[in-house]
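Participant: As given, the protein sequences belong to chains A and B, one line each in that order. The first sequence runs 315 to 455 under this note's numbering. The second sequence runs 414 to 564 under this note's numbering.
Hints are computed from structural coordinates only; laboratory data are not their basis. Ideal Cβ placement from N, Cα and C applies to all residues, glycine included. It is possible that part of the hints are untrue.
What the hints assert, rightly or not - Cβ pair distances, simulated, as ranges:
#1 A:366 / B:554: 35 to 43 Å
#2 B:416 / A:435: 53 to 61 Å
#3 A:394 / B:505: 41 to 49 Å
#4 A:410 / B:542: 17 to 25 Å
#5 A:360 / B:494: 51 to 59 Å
#6 B:498 / A:397: 32 to 40 Å
#7 A:429 / B:430: 54 to 62 Å
#8 A:359 / B:472: 51 to 59 Å
#9 A:427 / B:535: 51 to 59 Å
#10 B:542 / A:394: 31 to 39 Å
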Amino acid sequence: MSYRKQTEAAFQSYLQDQVGVPVYAGTSDTIKAMPCVVVAYVGSSQNPPNTGNMDISLSVSVQSEIDEEGQPNALEVHDELLSAVEESLFWSELQSINTGATDFYIFGVAEQSGIERDVEGTILRETITLTFPAALGVTTT
Amino acid sequence: MAKLIKGQAFTYGTKNDGTYLTFDVGSTGVNVRMYATEIRLSLESDNNTATNGNGEVISSCFYNHRKILNITGMISGTTDTNTTAHADATFGTVIQAGDKLDISSTDWAEIDGDQFIVQTAEKVRSNANYAEWSITAIEYIGTGVANDNVS
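Turn these sequences into a full structure, and let the hints steer you where they fit.
Facilitator: As C-alpha cells, then:
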C-alpha cells in the first residue's frame with residue numbers, strides 16, 4: 315500500500331475516533347455528508363535519502379454547510395468540530411496514532427500551519443496542514 | 414548524425430546500496446546500524462624538514478601517519494533488532510574516548526574492518542530532526558602498527 319493510502323487511512327481512522335462526524339480520505343467516491351472532516355495527502359519527500367522514511371504533508375479540513383435555511387447553529391457546530399480536530403492534532407494526543415496504525419509510524423510533528431479558511435458557495439472549509447516524518451513497516455518494540 | 418550523450422560514472426552517496434553501515438564501538442560485539450549522512454576520511458602525518466644555508470628545504474621526513482575518520486549519521490538500532498524502542502536504546506549506548514571503533518563498509522576498503530580509536534563523540538537530538546551521532550576516530554597506520562595492536 316502506498317504512503318498516500320496508508321497515511322490517509324491512519325489519520326482517517328484516528329480522527330474518526332476523536333470526532334462525531336464522518337471523516338473522509340482525500341480521494342473518495344462517496345458524497346460527503348456535512349459537517350465532515352477530510353484528510354488529504356498533499357505530498358512527500360524522502361528523508362533521509364534511501365531510508366524509505368518520508369516527510370509528509372497532510373491537510374486536514376473541516377467542512378460544513380452554512381446555510382440559513384439548513385441546519386440551525388451550523389456555524390457553532392462547525393467551530394466546535396474545528397476545535398476538536400485541532401486538539402486531536404496536537405502531538406500529546408496525536409502520538410496515539412502509532413498504536414492504532416500498525417503499518418504507519420509517525421515520529422513527531424515537524425510543522426503545523428493554518429487554520430486557512432475558504433468559502434465555496436455555502437460550504438465553509440477550514441484547513442490545518444501538518445508536516446511530519448513518518449515510516450511504514452516500523453515496529454515500536 | 415545523432416550525437417550519443419553519455420554521462421560519467423561517479424562514486425555516489427555514503428554507501429553504494431544506499432543502506433546502513435554497521436560498526437562495533439567499544440568492542441561490545443553489537444553491530445550498530447547507522448545511516449550515515451557523511452563519512453569523511455582524512456590522511457595526516459607529522460613532518461620535519463631540513464634546510465640548507467639558503468633556507469631551502471632539501472629534505473622532508475613524514476612520520477606518525479594516521480587516518481582521521483569523521484562519521485555522522487542516524488542510528489537505527491542494531492543488526493539484531495530494529496524497532497523504535499531499540500533505536501532509542503542503541504542511541505544511548507555509552508561511547509568513551511579511547512573506545513575501539515570497527516566499521517564494516519564494504520564499498521570503501523580504507524575504512525572497512527580497520528580498527529579506529531574514538532577521539533571524540535557527539536550525540537545530538539534536536540527538534541523536528543532525527544537524532545544523530547558524530548564520531549571522530551583515529552587510526553595510526555605507520556609501519557609496525559597493526560590491528561592487533563589496538564585494544
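Participant: For every hint, state whether the structure bears it out.
Facilitator: Outcome of the hint check:
1. A:366 / B:554: 35 to 43 Å: holds, 37 Å
2. B:416 / A:435: 53 to 61 Å: Because 57 Å falls inside the window, the suggested range holds.
3. A:394 / B:505: 41 to 49 Å: holds, 43 Å
4. A:410 / B:542: 17 to 25 Å: Holds, since residue 410 of chain A and residue 542 of chain B (Cβ atoms, about 23 Å apart) stay within the stated range.
5. A:360 / B:494: 51 to 59 Å: Given range 51 to 59 Å: violated, Cβ gap about 24 Å.
6. B:498 / A:397: 32 to 40 Å: holds, 34 Å
7. A:429 / B:430: 54 to 62 Å: violated, 44 Å
8. A:359 / B:472: 51 to 59 Å: Taking Cβ atoms as reference, residue 359 of chain A and residue 472 of chain B lie about 56 Å apart, which means the hint holds.
9. A:427 / B:535: 51 to 59 Å: violated, 32 Å
10. B:542 / A:394: 31 to 39 Å: With a Cβ separation near 35 Å, residue 542 of chain B and residue 394 of chain A satisfy 31 to 39 Å, so the hint holds.
Hint compliance for this structure: hints 5, 7, 9 are not met, and every other hint is.
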